[in-house]
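Undergrad: Could you slot chain B onto chain A? The hints should help.
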Amino acid sequence: MNSLVIAITLFILALLIGVEVIGKVPATLHTPLMSGANSIHGIVIVGVVIIAAEAHSPLSYVLIFLAAILGTMNVVGGYVVTDRMLEMFKSSKPDKDAKASKDDEEAGK
Amino acid sequence: MNALDIITWFVYLLSAVMFVMGLHFMNSPKTARMGNRVSAVGMVIAVAMAFIHLFATGFTSSMAIILLVAGILIGALAGVYSAEKVKMTDMPQLVSIFNTVGGGAAALVALNDILTSEGSPTLVVLITAGLGVVIGSITFTGSLVAAGKLQGIGLVKNLKLPAKAVWNVAFALLTVISLVMLCLNPERRMLWALLTALFALGYGLVFVIPIGGADMPVVISVLNACTGTAVAMNGLAIDNVALIVAGALVGAAGATLSVLMAEAMNRPLLSVLAGGFGGSSSADAQDQGAQGTMRETTPDDVAVQLVYADKVIFVPGFGLAQAQAQRELADLGELLKGRGVEVSYAIHPVAGRMPGHMNVLLAEANVPYEELVDLDEINPQFPSANVSLVVGANDVTNPAARRPGTAVSGMPILDVDKSQNVVVLKRGRGKGYAGIENELYFNPNTQMLFNDAKASLQAIIAAVKELIA
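Those protein sequence lines, which keep their order, are chains A and B.
So that you can map any letter, position 42 of the first sequence is 42 in this note's numbering, and since no number is skipped, the others follow by simple counting.
So that you can map any letter, position 445 of the second sequence is 445 in this note's numbering, and since no number is skipped, the others follow by simple counting.
Worth flagging that the hints you see were computed from the coordinates, not collected in a lab.
Among the clues, some could well be false.
Straight line, CA to CA, 27 Å or less: simulated DSSO-like cross-link-like pairs of lysine-lysine [unchecked claim]:
hint, chain 1, residue 1, chain 2, residue 2
1, A, K90, B, K418
2, B, K164, B, K85
3, A, K90, B, K337
4, A, K90, B, K85
5, A, K90, B, K87
Some but not every residue of chain B turned toward chain A, in silico, with C-beta under 7 Å [stated by the list, open to error]:
hint, residue
6, S61
7, A83
8, V95
9, V245
10, Y369
Computed from a predicted structure; not experimentally measured.
From the three backbone atoms N, C-alpha and C, an ideal C-beta is built for every residue, glycine too.
The following block holds chain A by itself, in its conformation from the complex (with noise of 0.2 Å):
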């Protein structure tokens, strides 16, 4: 009972926190910002390795397989794909952006 109190507490302080920090995103990276919360909720693949620690019937085999198969294409694609985005967002003002020693080879192509 007591957890469930603390999580319910959890689950309304981050949906605050989320309204607040999505509401800063500019609409530019509003796509990327889709795609990458989409793969934030690819953490369900924690929830497929705690419940595989207890599976022991087929059926839950059979669920663990496949939620693992789908949760891990939803994070690890979700992931590529938006820093494939990202990463084509370019600044008209090169020079500014290539001081980082790590931009250069961006600046570079």
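TA: Here is chain B on its own, set in the frame of chain A:
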């Protein structure tokens, strides 16, 4: 709580903090890429901790662990493959597919919580996991249909649902009843949990099938919020801080974007979800008396106007993406900038098939993000623009939105008609999604160039080059 549990708790908390920071860094294109990586590292840490905890505390069956790891490897390969292959125009479909699998995974985990626990699950688990099953299943089929519609798969696109309201109410009721029965009869949980999942899957179908293709930005956002909520419900069921916080963050993100999109389309969120621009708007579309003559122009004439302008605003719409002409538009922009013309891109919030889609498409064509300007910022600039070049955008430029009684009334529009000259590149004389004539086209300062956007732009580029040379 033993030491390991406490460490695990704080590591999950750390990854939750990294998700928040990752989203926070998305507030600027400069830091967004790093933000995404911070978030990804948070994910790796959380999953690694889950495995450490698993091996430290032991597990019941090696078979389950082998299947778990095999599933993760297969999923990772499938994820990377699809993420690397996808074209930027197809991004909405891919995000929908990722949402489909995420919702599916959430539903499966919740199902597992209910079905395979030792003894009878507590009421709290039944309720939270039950909600996880419901929301996850709705997202699964709903996102799948959305992806099919976005991909333009004929079979899915042409699906019709007569008496959609009846189906929606029926499936919603059946889902709720099964869920209540599940909570009341935990001893027959196998039956009721599967029925709950089944009806929720059905509800996902009848919920998305009637919604039109252009409403997809809203639908994708809503479904994204659903998956987040389903994951958070799972977190409540298994009492895991990482799932609760991450799920809530995604839920908030999806909900915020849904509201923004619905506002940009000038329609209450609920009316979008209830399905269809259909009925009501076609009835009051009688008002559409936009008549007159459209003035046609030639690529050479457009080139002259552009080259001798001081300030040009491009107004890209989804027609640009359909014609795959982003690069041509960017090339034209570069040419004009080379002549000292001030060029900017006016981006309406619903240009494209998901929130912010047009920005990604133009970024891919190497347009610097500073030149992509939001609705609120660009509108005051139109009166000072010598030429506005509208490419494949329609309803979002219709001045009829400013007066009441039309299908687009109240919709926030780009004030293209206030610029000194307007050139519209358009495939044909067809109407926009709202099904009404665009009054902009009949304005005295508007000229039309009818052709495929790509062909038109190429012709204009050729003419501009000739002029400059």
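Undergrad: Compare the structure with each hint and give your call.
TA: Outcome of the hint check:
1. A:K90 / B:K418: violated, 30 Å
2. B:K164 / B:K85: violated, 36 Å
3. A:K90 / B:K337: Roughly 17 Å between the alpha carbons, so the hint for K90 of chain A and K337 of chain B holds.
4. A:K90 / B:K85: holds, 21 Å
5. A:K90 / B:K87: This hinted pair holds, its Cα atoms lying about 18 Å apart.
6. S61: holds, 5 Å
7. A83: holds, 4 Å
8. V95: holds, 5 Å
9. V245: Where the cut-off is 7 Å and the nearest Cβ of chain A is about 4 Å from V245 of chain B, the hint holds.
10. Y369: holds, 5 Å
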